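> Line by line, the protein sequences give chains A and B. The opening position of the first sequence corresponds to residue 1 in this note's numbering, with each subsequent residue numbered one higher. The opening position of the second sequence corresponds to residue 353 in this note's numbering, with each subsequent residue numbered one higher.
Since the hints were made in silico from the structure, they are not lab data. The structure presented is a predicted model; accordingly, all values stated were derived computationally and were not measured. Among the clues, some could well be false.
Unchecked claim - Derived Cβ-Cβ restraints for the label pairs, each shown as a range: (1) A:K338 with B:L470: 52 to 58 Å; (2) B:D476 with A:D48: 37 to 43 Å; (3) A:G60 with B:S559: 48 to 54 Å; (4) A:K338 with B:K482: 27 to 33 Å; (5) A:A243 with B:S421: 46 to 52 Å; (6) A:D266 with B:G535: 50 to 56 Å; (7) A:N157 with B:E540: 27 to 33 Å; (8) A:K148 with B:A550: 38 to 44 Å; (9) A:G303 with B:A472: 32 to 38 Å.
Said to hold, decoys possible - Derived pair list, reagent style SDA-like, types lysine to any residue, alpha-carbon separation capped at 20 Å: (10) A:K198 with A:S184; (11) B:K354 with A:A208; (12) A:K173 with B:A472; (13) A:K173 with B:A475; (14) A:K166 with B:A550; (15) A:K21 with A:K166.
Said to hold, decoys possible - Over the 10 Å line for every Cβ pair with chain A, so calculated as not near, a few chain B residues: (16) M429; (17) L431; (18) L565.
Every residue gets a Cβ at the ideal spot worked out from N, C-alpha and C, and that includes glycine.
Residue-level listing of the chains:
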Amino acid sequence: MNLREERKVTAMSEWYTMEGKDSDVVLSTKACIVRNIKGYNFMPRLDDKECQSLLETVDGAIDKNVYSGGNAADFDKNTLLRLTRLQILGRDASQLANPDRKAFYYNDDVSLSVAVGSGEHITVKAMAAGHDISVYKKAENVALDLEKKLDIAFSENYGFLTSNVKLAGTGLKVLYTVSLPAISKTEGGITALNQRVKQYEWSMYPFAEGSEISDCDVFIIASVNTQGVTEDEVLKRGEMLIADVIKAERALRDEIAGSKKEQSQDIYGRSYGTLRYANMISRSEALQALGWLRLYREYDDTGDINISWNTINKLTMDILWEPDAPSRRNSQSVASQKFRADGIRKILKGAD
Amino acid sequence: MKCERCGKELTNRIYKINGVTLCENCARVLGYDRFVKDPADLLSNPFSPLDQLASTLMQMNELDFGNSSLTCPKCGMTLREFENEGRVGCIECYNTFNDNIVREMFKQQGNSEYAGRLPAQSADTDCSTKEIPQMIKKEAPKANTIDISEKEPEAPAKEEKAPAAKSDKGGLTVEQLMKADLGMLSDEDLEKGIKAAAEAEEYRLASRLRDELKGRKEGNGNV
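Between the sequences and the hints, there should be enough to build the whole structure, so can you do that?
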């Protein structure tokens, strides 16, 4: 990575802390479009020589005036951590496996990226804070540019061809990351919401499955169908669904804050105190406290606690992705809990 | 075997719900608590495990030993590898495993007909984000209730697809017929469905509908 690229990485803003619509419920909106190039086997059957040729072919089609980055093997540790925090790389370490066979390109604010060799040949991703479906057009514009420059695998019967047949067709996934403390605390709430999501033929799953925070109130709501639907239908369904989710979550916050005001106010204050002054804190405890801040923030009429949605969202995302903890393998260790608590205290102290 | 939702290795407790294999935690998270039985429940009803086993076996795909050695001539991927991994190795695999890929698409999405945009052509979308008004200080809903599942979502009007895919005779569409529980359809729906499926060249569906109708007629004759 050259000096210009290093400067861009360190100077880039954190897109998820930007002001977003409906950010009391929706943490982020993402659109992912996958494409493959004719003449190359798909990733699982692509040998190293072919893979290098693929990386060079895509590199030649990337507009270097807009995008930084390159082969993942050339990224230093700081770049990897930052790209993880900004959700270009997943927390899942598998994305960093075989870095010689992968490349990542990203724009200045890292809201737009092109990954090469991560599951499919090309994955275009556009991300925005809060509820913002304009991410689709941003991702589509990047995909269109690449489709004009490269010979993309396409069939009239199946649409865009992919290694993972679940993506064949439009190759499009739209994802909303939502925090639903009120629905989660309502008996049968998540079950009812799941049924609603299925009626739209979308899917919903916890943000962090199979981990110590799998019971946290952050969920991903994602499109499923890539066949039999147009891109427009996917987007419209998604917008109707997310509107339902936002309304339901807010209605239940009203209900909880109204019917259990004293208890809610008490837990809200205690949660803030825990985050503000704890010396050690687990991910689960921190996310639970943030859930209460999110649930009751609009109803707190004491004026004692001053915390913005941006701060709540930044803390939530930082803890969910947490790329630079001392030990990602053991986020329950004393060092990790202390590191986390220090980070939270610094942010809240700055927000006071 | 792994949970299809969280990817964790499955232990001795496996839940197969609507064709999806889940671990105990995911079955609970998705609200299928009624399937997640306490050992005490099983002791009180010793036949329930047999019910579960029978139900699971009923949901399994038909065994098809005929094509198990099918191999893609370009990349060398076998049908077995595709079925295990859900991924194909190259474009040619789409020709080699055509039937299996179509079946997989139907299983996942209920459809295998492409309706999206063409390469290098922008999709016709008019979607923009509208902020949802805050509900604070409005009339609160009933305690401990959530109204999100009470009514069917008003799905956006679907664009007309290829004429062969839809019935124009007032019956169900081919897609709907493929997803439908045939036992719930009227004889009239089945008759219209056979014609619609034949027109759409969905002969496997047409024969399923015909068999259902035939079975009913024979069943009635025996009564």
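> Does each hint fit the structure? Answer for all of them.
Hints, verified against the model:
1. A:K338 with B:L470: 52 to 58 Å: holds (55 Å)
2. B:D476 with A:D48: 37 to 43 Å: holds (41 Å)
3. A:G60 with B:S559: 48 to 54 Å: holds (51 Å)
4. A:K338 with B:K482: 27 to 33 Å: Since A:K338 and B:K482 have Cβ atoms about 43 Å apart, the given range 27 to 33 Å is violated.
5. A:A243 with B:S421: 46 to 52 Å: Given range 46 to 52 Å: holds, Cβ gap about 50 Å.
6. A:D266 with B:G535: 50 to 56 Å: holds (54 Å)
7. A:N157 with B:E540: 27 to 33 Å: holds (32 Å)
8. A:K148 with B:A550: 38 to 44 Å: For B:A550 against A:K148, whose Cβ atoms are near 41 Å apart, the range 38 to 44 Å holds.
9. A:G303 with B:A472: 32 to 38 Å: violated (56 Å)
10. A:K198 with A:S184: Given pair A:K198, A:S184 holds - Cα atoms ~18 Å apart, limit 20 Å.
11. B:K354 with A:A208: holds (17 Å)
12. A:K173 with B:A472: holds (18 Å)
13. A:K173 with B:A475: holds (15 Å)
14. A:K166 with B:A550: violated (27 Å)
15. A:K21 with A:K166: Roughly 31 Å between the alpha carbons, so the hint for A:K21 and A:K166 is violated.
16. M429: Given a closest Cβ separation of 6 Å, the condition is violated.
17. L431: holds (13 Å)
18. L565: holds (26 Å)
Hint violations for this structure: numbers 4, 9, 14, 15, 16, all remaining hints satisfied.
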